[in-house]
Structure formats: structure tokens, C-alpha cells
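Peer 1: When you get a sec, could you build the whole thing from the sequences and use the hints?
Protein chains in written order, with the numbering used here: chain S, 1 to 298; chain L, 1 to 298; chain Z, 1 to 298; chain U, 1 to 298.
Please note that the accuracy of each hint is not assured.
No copy labels: a pair is met if it fits in one copy or bridges any two.
As the list claims (entries may be wrong) - Dumping the calculated PhoX-like pairs for lysine-lysine here, alpha-carbon to alpha-carbon at most 20 Å:
1) Lys257 x Lys295
2) Lys257 x Lys140
3) Lys140 x Lys209
4) Lys257 x Lys247
5) Lys209 x Lys229
6) Lys229 x Lys295
7) Lys5 x Lys247
8) Lys5 x Lys257
Simulated from the structure, these hints should not be mistaken for lab results.
There are 4 protein chains.
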Amino acid sequence: MSDSKHIAFLGLGVMGGPMAGHLLRAGHTVTAYNRTPARAQAWRDRFGSDGAAHIAATPAEAARDAQIVISCVGNDDDLSQVMRGPDGALATLAPGGLVIDHTTVSARIARALAQECADGGLHFVDAPVSGGQAGAENGKLAIMCGGTPDAYAAAEAVMAAYAARMVHIGGAGAGQTAKMVNQICISGIMAGLSEAVRFADAANLDMDKVLDAISGGAAQSWQMENRWKTMAADEFDFGFAIDWMRKDLGYAIEEAKALGVSVPVTALVDQFYGEVQALGGGRQDTSALIRRLPKGRR
Amino acid sequence: MSDSKHIAFLGLGVMGGPMAGHLLRAGHTVTAYNRTPARAQAWRDRFGSDGAAHIAATPAEAARDAQIVISCVGNDDDLSQVMRGPDGALATLAPGGLVIDHTTVSARIARALAQECADGGLHFVDAPVSGGQAGAENGKLAIMCGGTPDAYAAAEAVMAAYAARMVHIGGAGAGQTAKMVNQICISGIMAGLSEAVRFADAANLDMDKVLDAISGGAAQSWQMENRWKTMAADEFDFGFAIDWMRKDLGYAIEEAKALGVSVPVTALVDQFYGEVQALGGGRQDTSALIRRLPKGRR
Amino acid sequence: MSDSKHIAFLGLGVMGGPMAGHLLRAGHTVTAYNRTPARAQAWRDRFGSDGAAHIAATPAEAARDAQIVISCVGNDDDLSQVMRGPDGALATLAPGGLVIDHTTVSARIARALAQECADGGLHFVDAPVSGGQAGAENGKLAIMCGGTPDAYAAAEAVMAAYAARMVHIGGAGAGQTAKMVNQICISGIMAGLSEAVRFADAANLDMDKVLDAISGGAAQSWQMENRWKTMAADEFDFGFAIDWMRKDLGYAIEEAKALGVSVPVTALVDQFYGEVQALGGGRQDTSALIRRLPKGRR
Amino acid sequence: MSDSKHIAFLGLGVMGGPMAGHLLRAGHTVTAYNRTPARAQAWRDRFGSDGAAHIAATPAEAARDAQIVISCVGNDDDLSQVMRGPDGALATLAPGGLVIDHTTVSARIARALAQECADGGLHFVDAPVSGGQAGAENGKLAIMCGGTPDAYAAAEAVMAAYAARMVHIGGAGAGQTAKMVNQICISGIMAGLSEAVRFADAANLDMDKVLDAISGGAAQSWQMENRWKTMAADEFDFGFAIDWMRKDLGYAIEEAKALGVSVPVTALVDQFYGEVQALGGGRQDTSALIRRLPKGRR
Ligand SMILES: NC(=O)C1=CN([C@@H]2O[C@H](COP(=O)(O)OP(=O)(O)OC[C@H]3O[C@@H](n4cnc5c(N)ncnc54)[C@H](OP(=O)(O)O)[C@@H]3O)[C@@H](O)[C@H]2O)C=CC1
Ligand SMILES: NC(=O)C1=CN([C@@H]2O[C@H](COP(=O)(O)OP(=O)(O)OC[C@H]3O[C@@H](n4cnc5c(N)ncnc54)[C@H](OP(=O)(O)O)[C@@H]3O)[C@@H](O)[C@H]2O)C=CC1
Ligand SMILES: NC(=O)C1=CN([C@@H]2O[C@H](COP(=O)(O)OP(=O)(O)OC[C@H]3O[C@@H](n4cnc5c(N)ncnc54)[C@H](OP(=O)(O)O)[C@@H]3O)[C@@H](O)[C@H]2O)C=CC1
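Peer 2: Structure below.
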């Protein structure tokens, strides 16, 4: 296949594993690196039928013969570890190569890596995703991208393997800041929804009828349509974890400070998520925000 | 027409005027009362072509020969004035009559009026609406109802003239508490959206591209789809006014206290709306919440 | 004694009982009314040794031969009940009489009663207190007063029996608004202190040493000096109850809205107090605000 | 003088300059380093009369012949620059030496430096101060200290030159966390006070009388006693700057997250301070928090 590439994929977690699988299915050769080797084995067992799936012991090794490096790890520190230093991917990726980072990290590190790549003759795209585990499995992620037009164009052709929607927002870091915008919106929505569900429940309202009455209007949200019933049923064991959300909100709050804007409700909700973590809910869905609110007198 | 009714309509404002117009169109006889008489004249001039539109000098006079009384005034005090006392509609409506209130008021007064009606052999439905001026004009309101099954059934047949959706939520007051749930959700959404728009603007992002990237996912809301661009353009002169919103949130916060539930973000947003009122934005759309947030350093 | 007065005292609760006792000790004749008769008996048994303590069955009866009516009941509704209507004190107090209200109520009702008194040829002083049960017992209350200079002068002479400090703030209602200022300040202080104690504890700091280090500087407050150690020890069973505080904050938030000012942290803390009520802490001291904050990982 | 020491002092700013001056007065030999050389000259001109005041070009040079290194710079990055690397003080301070840091920084860097010092045979005390510029000028600072008992004992003898109060809170980092406790308390106090002043002003109350009435009771605070009148007069040009406060709150919020505690009001006030920065108030006193609140309708 003419546009088949050699791709180094770093981080085979809940998101990265299936994304790397889609790349194989699209005909690319993938050399994967995962910090915990067992997970790399499991990934090859699951996706790697035809010899196009390889495993490397370090990011540098994975990137050595690659044209493209794609990462999806945890946070700023993690990203720094897989990219920088003698074992990092940037040490071996040949000039002209492309780096796509799908990790949700700070705009600061995205801009720094873009600069480091530029200095080394590499292209960089910050490309955080939304759509969750389901989106990664089904190849239906939404991807927000920052980088030069050339870098984006090259990245788009590859990311198409697992994207339902790709948008080139702007220059380096713009993908990350767009993702922050997304998380800021969700914070407010979840705060209102949590209070609304507790209120409706305490008022002894028929939860389905309330949803029916209000979900077609100005109070509607994706979260209302998808989480109202589960929140009312105290079900939180799916979706995007609060521990991840606090990481993302931390970056958003830091960036807001740098931009000179105030995000009071976001900062408050971040603290409220801390209360849910203290209740043991860190691995639960962001809709578990409701857990910190005592139930009413009903 | 067999199901043509004699209806007293109290309050021909932005919402009530067109609603009463739809009743005429549906074949009912409407005797309207408006505190400011000129508005009643204007209403008859606009809607009353065939002699079915009458004007009364007091609510009591309007209700005297009516089978149904419908109100859409401002707040608790206003509702009390048009319903109670010697000039109020309850003084003259004949036993067996039906009262439908479309005003957004407290659940307390809704329950009290339901009781007063029951004591007088009348039926009562609290029936706050959503959908705004456009919904009233187009006859496409969503109506949340509280009351007995019989009362609701009778009300439904009439309200169909201007409703796109009617839901019988529960007993007396349940319509109002469902509306409060709606407003609590909107508070959180608007808070997040305001911070997000300011953030995106300060980050110098292309606002249309951000919307494109995030409006299909977990951050989506009706408000995002309908207000993102106008907020980014500082346009707030349409839609549901902040002065009304603070009234509604006041009732919601009071009811939350009575129900023993906490609504911290709602209470905070209510205060933030107070800051926008102080900036002169009381008559602007609820999306003007963003006005209290300084623009970033950009 | 030349300045001995006939005083009707309404409400012999935690605050009112000892206050009325001080009036007896100061040589006044006191006719007391308490809704629950047993409490009036207990009061006379405790304070009424020399025949100057009488008990009346209604506020109106207590006020019939009085020159001064003093009230210390619960909230707006309670105050309205003991003052207004055929059994209320205003029905029988002779023209020229003075009404002093020590209840913490809304400025609205204070202004309304001042007007009603003026219409009936009576003087009115709104005179909420601070200093708590200990202040009432020891006669060391601080009293914030609103009313005409004449009314205040007359009230001052009597209130001296139980006051450590009396300040004439301004016209009718000014005593109540000053008390609201007091409660707004306390809300912020308690919020900071709660978070600080949890933080210090989670950081495993020696709580006494921290107090020693910071209580002499810019972070100092009466609450820090008096509640730091008890909060650290989870002791909340003394002082001003959260149920009362929420009443007071409700009036303050309502008044802020009327005044066109925003009180976001006060409104937030009010909701947080609601969470403590839901945890069963309504009768505990305002410092129990800390209870809603989970303890750290320590 | 037997306990006269050779001291390297890094950072001759608003705080450090006068502190280093007190050390000279106490008989120590001080070699000062300041990033901007002119400031070092000005310092020697002001304080260095008898030949005990020297100036070095780098922290390493200042520390070469010193027994003690004292720093008072800006933030974590600044501290790292003056301590670490080839030009940093740790590169030259002889084993057995003592490092005292008066900068308000993160507990993380304090613990890291303590460890680095221990590894190099040095003692380290984190010793943030309170008392402001006046305290530094008058030698009346309160100092919160973290470190080993030996390190603290050695530091105490020297810091006495400018301290009114020194408290050894605990191990490395405990000085910084105690300072965070201080700033958390202040955040809540300033939030309440800001809303209270705006409220009192809108209610048209006599500000002096309100202060008189409430400053003796449960709402009292150092800030109330010292800032009530200046806030009411819109005077903010003195005292601890908001830019510094946000730095401190940033560290506190980060540490709270690490400790697993929630600081919602602190996080909210931090954002509100961001709004005051956007209004141009970053260099103003923390009491300028009130500036973000619109004045009432008065
Ligand atoms: N506007 C909107 O988008 C929406 C509004 N609502 C709710 O619907 C209700 C009406 O809103 P809207 O129509 O926009 O308001 P308007 O101000 O346009 O109309 C209010 C009507 O009530 C009458 N009224 C008010 N007070 C009294 C009184 N004391 N005695 C007699 N009549 C009185 C007014 O009479 P007069 O002409 O003399 O002033 C007027 O007819 C409110 O509760 C609002 O919250 C709900 C959803 C959307
Ligand atoms: N406790 C404190 O530390 C402080 C309290 N305050 C304020 O002082 C006021 C009184 O507080 P406190 O004394 O503690 O309260 P208590 O509950 O101890 O006493 C309340 C008194 O009011 C009477 N009362 C209440 N409702 C009515 C009614 N509807 N009709 C007739 N009598 C009524 C009660 O009668 P009965 O015995 O029949 O219940 C009782 O005598 C409150 O407004 C409170 O906010 C102010 C500062 C400090
Ligand atoms: N001001 C106050 O009221 C209080 C301040 N503090 C804390 O004390 C510390 C100092 O405050 P303050 O004296 O007011 O601040 P100033 O800005 O007046 O002084 C800061 C000093 O640090 C030096 N400095 C900053 N960054 C560096 C760097 N990267 N390398 C070398 N030197 C550097 C500056 O050098 P240069 O002259 O070259 O800029 C200057 O000497 C801060 O952490 C502050 O939070 C604590 C309590 C009260």
C-alpha cells in the first residue's frame, strides 16, 4: 500500500492500544513500546496477526526506523519521559519525521515539544482526543489538533484510521487548549447536572418524566442524555475517570492563569472532584461528581 | 366546536399574549385580562378577528363566565394578586372549573393554590413552560405539569394549542420543581460555557473550529450549539432575561433548602448573575453571564 | 427606682431568658410571655425572687400595661406572630411606648414594623445581638441598633442591663443589616479556617505550633483564636447553631439581592452549611462547617 | 563577637534587603548577592557602614566563604536558580553549613532542597515569613520553620536579628505548609470582608459605626481591624501584593491536591484574584479582592 507507513506507537493503554490496532488494520507497520512489557505482548496477541506488529524495549528503539511517532501516555511527566533523553523517541526519529501526541497534557509542554521537534527538523502535532474508550475501540474519536499546516496534513492521513472527526484548530498547543475548552464546558455541565439530579430526587419527581420534559430544550446536554439515568441510579463505573479529569483541569487552570482569564466554576468543580476522590471515587466516571452532594431529606 | 371552551386568560405579556392568541385560533372563546389595559387592546387588535376575543377589567370579571382560567404573569406576588382576593379569579370561577398557571413561580405557592382550589371545588395545574418567546409565538412550548390526573387531562386538551411537548410530572408543585431542575442544569452549563468562551478567546483559538471540534461530544449542550457564537461576538440581546433567571433561581434555591439538598454552583451562578445585573445586563439573555468575566491578556 | 420600667418580654429562649433576668436585676418590672408556658415558669423560678416577674398568656396581655415591649424570638414569621394580630403586642401597647426587637430577622420586616409602630404612635428599635448564650448570661452582649435617635436613646437605657456594647448604626433596619455584615464576615472566615484546619491536619502539622505561628498576624481572627483547637479536635457542641446561621444568611442573601450587591462566597458557604445539616449538624456550632470536608489521605 | 557569622544573603528585595541589614546590625559579616547589581549597591549604601557588607557577583561566590546561606527571592524557579547549578550557592557552601530559605515556595521544593543539602552534608531550614515589608524593616517578622532540630536551633540564633516570633513547626517543608495554612485562612477572611464592605456600603451604613459594633466579636479579624476602613475608601496601595498571593495560593492548592484535601473557597478566591489582576490590580494589596465586586445600587 503506497501510503503505508512505519509508525512507532508509545503507550498501549485503554486508548492507545486500540488506536495502534486500527493503524495495523489500516495497513501500517507498527512498532509499539509500552512501559509494562506484558501489555505490549497482550496488544500484539490481540491485534498483530500478519507480522506488521513489532515490539520495542524503549521509545528510542521504537522510533529508530519509523517515519512517524505517535504517543498516548499519561501526563506531562510521562510524555517527557517517552520523548526526551537518550531513550526517548526524539533521540532516534530521523529528520523529516512526524510526531503526533494524543496524550492530554499541558499546552506548555506541547509548545515546548513542537519547538524541540522544529529544532531537530521534525514535525509535531498536539492531538488530544475525545470520545473515550468506546471511541478508541470503534475508531470514532474526535481529534483536536495544533501544529503547522504541513504537519497537520501529514498527521490527518494517519489519524483517519481511528477518527470520526479531526479539526486543525491552530498552531502548536492549540489542540491542547481546545481540549481544555472541552473539559471546562464539561465541568460546568456536570456541576449543574449533579445538583439537578439530587434536587429532582429529593423532590420525589419521576426521573424519567423530568428527563422527557427537559431534554428537548435549553437545558439539554450530551451528559443529560447519557448520564441522567445512571446518575439517578448511582451508577458510575464507566467512562472518563475523575483522576484523569483532575489532571486535565489542572492543566486548564494553569493555562487560564497564563492567559489572564478566570475560571471560578472550573476551579471549584476541580476541588469538588477532589472530594469525590477522597470518597474513593477517583476511578469512577466524571458523573460521580454527584456523590459529594448529600441526598435530600426525602 | 364541541370542545370549544370559555377561557379567562390573565397576563398578555411576551409569553401570555401569543399563547392566548393560539387559544383563539384553536376555536376557544377568550376573555383576557391584562394589568396594563393598552396591552390588552393591542392583543385583541393582533389576534381577535372573529368576536371570540374579549377583555375584562379584573381577573374576577374575566373568570366569571369561564370554565378555565389560565395565567401567565411574573412571580409569586403577581400570581397571588391575579388569583386571590375579591378581584382575583378564584373569587368568581365556578366550581368544577380548571385553573392552569403558566407562570414560573415557587413550588410553595403552586401547592398552596392547588389546595385553595381543591377547597373551592376547582382543579389546579401548575404548568411552567420552556421554549421562550419563539416557542410561545410558534406554539411549540414544552410544558411541565403538576396536578391530579384529572386536572392534567383537562389541561392537556387546552394547552395542546401552544405546546410541542407536555409532560405530567406528578402532583401539585411538580411542574414547578421540574422547571427548577431545568434552570439548575442551565446554570451549570452557562457557567462552564462562559469560562470556556473567555478561555478560548484569550488563547486566540479559531472559535468556529473549536465549536466544530467539541460540539459533537461529551461537552455538547443546546446552549453550546445556540449561544457559543453569539457569546463569542458579545451578543446578548435575545432570549430569556437574567432578571427572570434570578427570580427562577431564587425559587430553586429556596426549594432546595426545603428539600435538604445543596446547590452550591447554582447559588454561586445566581450571585454571578447579580454581578451582570450590576453591569446593566438584567434584560439580557442568560448567556450574558460571560460579561462578568474579564477578557484575557490577548 | 426612678427609671424602673414596666417591660413586656416576649420569648424566653436561650437568649431571651437570661436577658429578661438581667432586666429584673436592674430593677424593672417584667411581664414575660413564652409560647411554651413551662419555659415561662422555669424562667420565673430562676430569676423572679421579689414579685417583679409576671407571666402573661399572650403577647397582647403582656404588653397591656407595659411601657416597653422587648422581643427575642426566632425568625420573621415568629416575630410577626408575637407582634401583629389581635394577640400581638402591638395591639395593646399604649401610644408613646417603645418596642425593641432582639431577634435576628430580615431588614424588610424590621422596616415594616418600624413603620407600623410609627403609624400607631410607637417607637421601634431593631436591635439584633451578638455574643451568644454566654453574652446573654453574663450581660455582655454587643447590640447593633436601627431606629430614630429618640427611640435609640430610650432603648439604650434599658438594654444597658445586658449589653457590653451598644451602637446606634442608623435608621430602621440598620441594626439588622449590620448584623448581616457580621454574619457575612463570619462565613468567609469559617470557610477559610475549615479548609486550613483540614489542610494542616492532612499535612501532619503540630496544630498548636501552627496556631502559635500564625495567630499573631494577618491571618488572625476571633474564630481562629477560639475555634482552631476545637475544630482540630472535632468538637462542635457549643456556640451559635448552623440552623440559626442559615436563617441569618438567608436574610443576608435576600438583602444583598435587594441592594444590588453580589455575595458569592456567602451564598456558597450557605450551601455548604446545608451539607452539614444533611450530615446531622444543624444544631452544632458554625465551626462544624469543616465537617463537610473529607479528611486528607494522612 | 563570638557568635558573629559569615553569611551569604541572596535576594535584596523588599523583604530581603532590610533583613540582611538587620544581620549587619547584629554584628554578622554579610556577603550579598542580588540579580540586579544596582540593588546590591543601594543596599550597601543604606546598611553597610563598617566594612562588614560585601557584594558578590553570583550566589556561588557569595557562599564560598560563608557558614550560612540565607535566601529570599521570588518563587520556586528563582530559588532553584540561586541554589542549584554551578553558580548556585549549594555548589560552594562548605560541608556543615546551614541554608535558610525565607522565600515562600512550594513544600515540594523545600523538601527537595532539604534532601539535596543533607546529601551534601548541609543543614536546611525552610523559613517563610509573615509580617510584610513593615515586619522586615522593623525586624518583627513571624517565621514558620521546617527542618531538623539541629538545623532549626542554628537558624534561630541568626534569624533572631529580624524576628518577633519564630516557631519550629516540624520537619522539612513544614514551614512552607504552615505558611500555606496562613494564606488559606486569609483567602476566606478577605472573601467575607470584601462582600461585607460592599454590602454595608450599599446599605448606606455608617462604616465606622459598623466596625465599632462588630469588631469586638465573633466576626473580628486582623484584616477587619486593619483593612475595613481602607477597603471602604478604595485604598489598596500597600501591603502584600495580589501577584504574590496568587503564587502562594498556587502552591497551597497544589499541596492540597497532594494531601488529598479539598480547598474550594481558596481555589475560588484564587480565581477571583485573577479577576482583580485582569483589572490591573496585581500589585495592589490582597484587600483589593473587593474590586471585582460591583458596587451596589446605592
Ligand atoms: N420570556 C421568556 O422567554 C419565558 C418566560 N417564562 C416565564 O413566564 C412568565 C411571564 O414571562 P413574560 O411573558 O416574558 O413576562 P412579561 O413581563 O412580558 O409579561 C408579564 C405579564 O404579567 C402581567 N403581570 C405582572 N405582574 C402582574 C400583577 N401583579 N398583576 C397583574 N398582572 C401582572 C404583566 O402585566 P403588564 O402588562 O401590566 O405589565 C404582563 O401581562 C414569567 O414567570 C417568566 O419567568 C418562562 C419561560 C420563558
Ligand atoms: N443562640 C445564640 O447564640 C444567638 C441567637 N441569636 C438570635 O436570637 C434569637 C433567639 O435565639 P435563641 O434564644 O437562641 O432561640 P431559642 O430557640 O432558644 O428561643 C426562641 C424563643 O422564641 C420563641 N418563639 C419562637 N417562635 C415563636 C412563635 N412563633 N411565637 C411565639 N414564640 C416563639 C420560643 O418559644 P418556645 O419556648 O415556645 O419555643 C423561645 O422562647 C434568634 O433570632 C437567633 O438567631 C443571636 C445571637 C446569638
Ligand atoms: N513583600 C511581602 O510583603 C512579603 C513577601 N514574602 C515573600 O518573600 C519573597 C520575596 O518577596 P519580596 O522581597 O517582596 O520580593 P521582591 O520582588 O521585592 O524581591 C525579590 C528578590 O528576589 C530576587 N530574584 C527573583 N528572582 C530571581 C532569580 N531568578 N535569580 C536571582 N534573584 C532573583 C530579586 O532580584 P532582582 O532585584 O534582580 O529582581 C529580588 O532581590 C517572596 O517569596 C514573597 O512571596 C513573604 C511575606 C511578605
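Peer 1: Can you give me the call for lysine 257 and lysine 247, within, between, both or neither, at a CA distance of at most 20 Å?
Peer 2: both (16 Å within a copy, 11 Å between copies)
Peer 1: Between the shortest in-copy and the shortest cross-copy C-alpha distance, which are at most 20 Å for lysine 5 and lysine 247: within, between, both, or neither?
Peer 2: Result: close neither inside a copy nor across copies, 32 Å intra and 47 Å inter.
Peer 1: Under a CA distance limit of 20 Å, which applies to lysine 5 and lysine 257: within one copy, between copies, both, or neither?
Peer 2: neither (40 Å within a copy, 42 Å between copies)
Peer 1: Is the C-alpha distance from lysine 140 to lysine 209 at most 20 Å within one copy, between copies, in both cases, or in neither?
Peer 2: So lysine 140 and lysine 209 pass the 20 Å test across copies only (18 Å; inside, 31 Å).
Peer 1: Regarding lysine 229 and lysine 295, is the shortest C-alpha distance of 20 Å or less found within a copy, between copies, in both, or in neither?
Peer 2: within (16 Å within a copy, 30 Å between copies)
Peer 1: One pair to classify: lysine 209 and lysine 229, alpha carbons no more than 20 Å apart. Within, between, both, or neither?
Peer 2: Only inside one copy: lysine 209 and lysine 229 sit 11 Å apart there, 32 Å across copies, limit 20 Å.
Peer 1: Up to 20 Å between alpha-carbons, please classify lysine 257 paired with lysine 140: within, between, both or neither.
Peer 2: Neither: 33 Å inside a copy, 33 Å across copies.
Peer 1: Regarding lysine 257 and lysine 295, is the shortest C-alpha distance of 20 Å or less found within a copy, between copies, in both, or in neither?
Peer 2: between (35 Å within a copy, 12 Å between copies)
The structure is inconsistent with the numbered hints 2, 7 and 8, although it conforms to all the rest.
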